[in-house]
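S.K.: With the hints as your guide, set chain B onto chain A.
These protein sequence lines map, in sequence, to chains A and B. One rule links them: number in my numbering = place in the first sequence (from 1) + 46. One rule links them: number in my numbering = place in the second sequence (from 1) + 46.
Treat the hints with caution; some may be incorrect.
One copy or any two copies: either way a pair holds, since identical chains are not told apart in the list.
Distance condition first, Cα-Cα at most 25 Å in a straight line; then the derived DSS-like pairs of lysine-lysine [what the hints assert, rightly or not]: (1) Lys102 with Lys228; (2) Lys102 with Lys70; (3) Lys100 with Lys70; (4) Lys237 with Lys204; (5) Lys100 with Lys204.
By construction, these hints were calculated from the structure, which means they are not laboratory data. Predicted, not measured: the structure shown is a model, and the values here were computed from it.
What follows is each chain in one-letter form.
Number of protein chains: 2
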Amino acid sequence: MPGYPLSIRNLIREFSRFPGIGEKTAARLAAFVLRSPATDMMRLAEAILEVKEKIKICSVCFNLAERELCEICENESRDRGIICVVEDTDSLVAIEDSGGFNGTYHVLHGVLSPADGIGPEQLRLSDLVRRVSGGSVREVVVATNPSVQGETTALLIKRMLDHTGVVVTRIALGVPMGGDLKYIDRMTMAKAIEFRRGV
Amino acid sequence: MPGYPLSIRNLIREFSRFPGIGEKTAARLAAFVLRSPATDMMRLAEAILEVKEKIKICSVCFNLAERELCEICENESRDRGIICVVEDTDSLVAIEDSGGFNGTYHVLHGVLSPADGIGPEQLRLSDLVRRVSGGSVREVVVATNPSVQGETTALLIKRMLDHTGVVVTRIALGVPMGGDLKYIDRMTMAKAIEFRRGV
Chain A
47 MPGYPLSIRN LIREFSRFPG IGEKTAARLA AFVLRSPATD MMRLAEAILE VKEKIKICSV
107 CFNLAERELC EICENESRDR GIICVVEDTD SLVAIEDSGG FNGTYHVLHG VLSPADGIGP
167 EQLRLSDLVR RVSGGSVREV VVATNPSVQG ETTALLIKRM LDHTGVVVTR IALGVPMGGD
227 LKYIDRMTMA KAIEFRRGV
Chain B
47 MPGYPLSIRN LIREFSRFPG IGEKTAARLA AFVLRSPATD MMRLAEAILE VKEKIKICSV
107 CFNLAERELC EICENESRDR GIICVVEDTD SLVAIEDSGG FNGTYHVLHG VLSPADGIGP
167 EQLRLSDLVR RVSGGSVREV VVATNPSVQG ETTALLIKRM LDHTGVVVTR IALGVPMGGD
227 LKYIDRMTMA KAIEFRRGV
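For reference, chain A alone in the conformation it holds in the complex (with noise of 0.2 Å):
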C-alpha cells in the first residue's frame, strides 16, 4: 500500500495477519484507529495486551479462565451434579449464550481424529474420568459436535464412564428452529424422525 506512512503501512500489515482480514479491511481498520480519539485506542491496546497476560485455562475444566478456576466453575450457583462436556471454548459459550444450561463443562479442547494423529491421550478424558469419579456427579451431557469425530468421541466418553455408574447423555439432534424442512439435509431429516416424541 504505497502512499501511506510508515506506521499505518505497519498498521495494515498487522491487522492483516487476522483471519479473514485483506489489506482493503486492514486499511478500513487502520483508518478507523486514525481517526479515533486516542485514549479509545489506547484502550483498545491495553485490552489486547491484557487478555495475553490474564487468560489461562481453569484447572478443573480446562475452559479459560481468569483466575485458578474459571467464572463457571468459581460459581456457586452452578449445578456441579450435571457436567457438560464440549470440544472447545466456542461450543461452551455457544451453550451458555443458549442460557439452557446452569450445570458445569468439562473442555476436550478438541475431538478424536487419528487422521490428525489425535488420540485419547490428546484430549482431556483422563481429567474427565477423574473428575466424574470423585461420585458427586450425577450426569455428563456430551455435546461435541454432531460430525462422525464428535460422534465417536461420544461413544468413547460412554465407554469410559461406564464403571462410574454415571448417566452419559447426548445433545438431541433433529431439525434446527426456524428451518425450512426442504432445505434440512436427509441425515438431520433421518434422525429428527427417528428420535421423534409425544406431543
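M.R.: Just chain B now, with coordinates in the frame of chain A:
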C-alpha cells in the same frame, strides 16, 4: 457474550467498535489474539499507538505525514510542477497504487456539498491557490470523484485558478478496464463516447 472471561469480553467489545466488525467477527479476532504469541500482540498494540502518536497532516499538501512534510512532498524525484487535487487520502492512495502519477498532491479533505454545510472555506482551496500562485506549477489535475459534488468542486477549482494561467485538467471519464459494456451505466457510456479518442 456470556461464557468468556472478562478480559476477552472487553477485547470483543473494543473490536466491535470498528466499522463493519460485528460481535461474531470481534470474537473471532479476539480468539486470534488469544492464540497468537504475546510478542506479536505487543507489536500490534504498539502499531496502534504509534499511528496515534506519529500521524499528522503535511503542511504543504495536507496528506497524512509523520514529519512536517509527507513522504511524497519530501521526495526530490517527484515533479512539483504538477499537482493532483484529491478529495481524500484514500483517493491519493488509489492513484499512488496505480503507479501512473509522479507529481505531487493536494488533499482537499472533502468536496463542495452545500447540503452538508461544506463550502469553499471548509476545503483546502485557498491553500491550493496560494501554492499555484507561487509560479512553479504548470498543471493542476483535478481528481475528485466523478459525482455531482466532485464535478462542482472541479469547476470551482478551474474558476479559482483562472487568473494564474495554470493548465487545469480533469481525470478521464470512460469505460473501466475489464468492464463489460452491457453493464456500464448510461452516464458513463455517454461520457465514453463523448470523450472518444483517435486510435
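S.K.: State for each hint whether it applies.
M.R.: Cross-check of the supplied hints:
1. Lys102 with Lys228: neither (44 Å within a copy, 58 Å between copies)
2. Lys102 with Lys70: between (33 Å within a copy, 22 Å between copies)
3. Lys100 with Lys70: Between copies only: 22 Å across, 32 Å inside.
4. Lys237 with Lys204: Classified as within: same-chain Cα gap 20 Å, cross-chain 72 Å, threshold 25 Å.
5. Lys100 with Lys204: neither (35 Å within a copy, 59 Å between copies)
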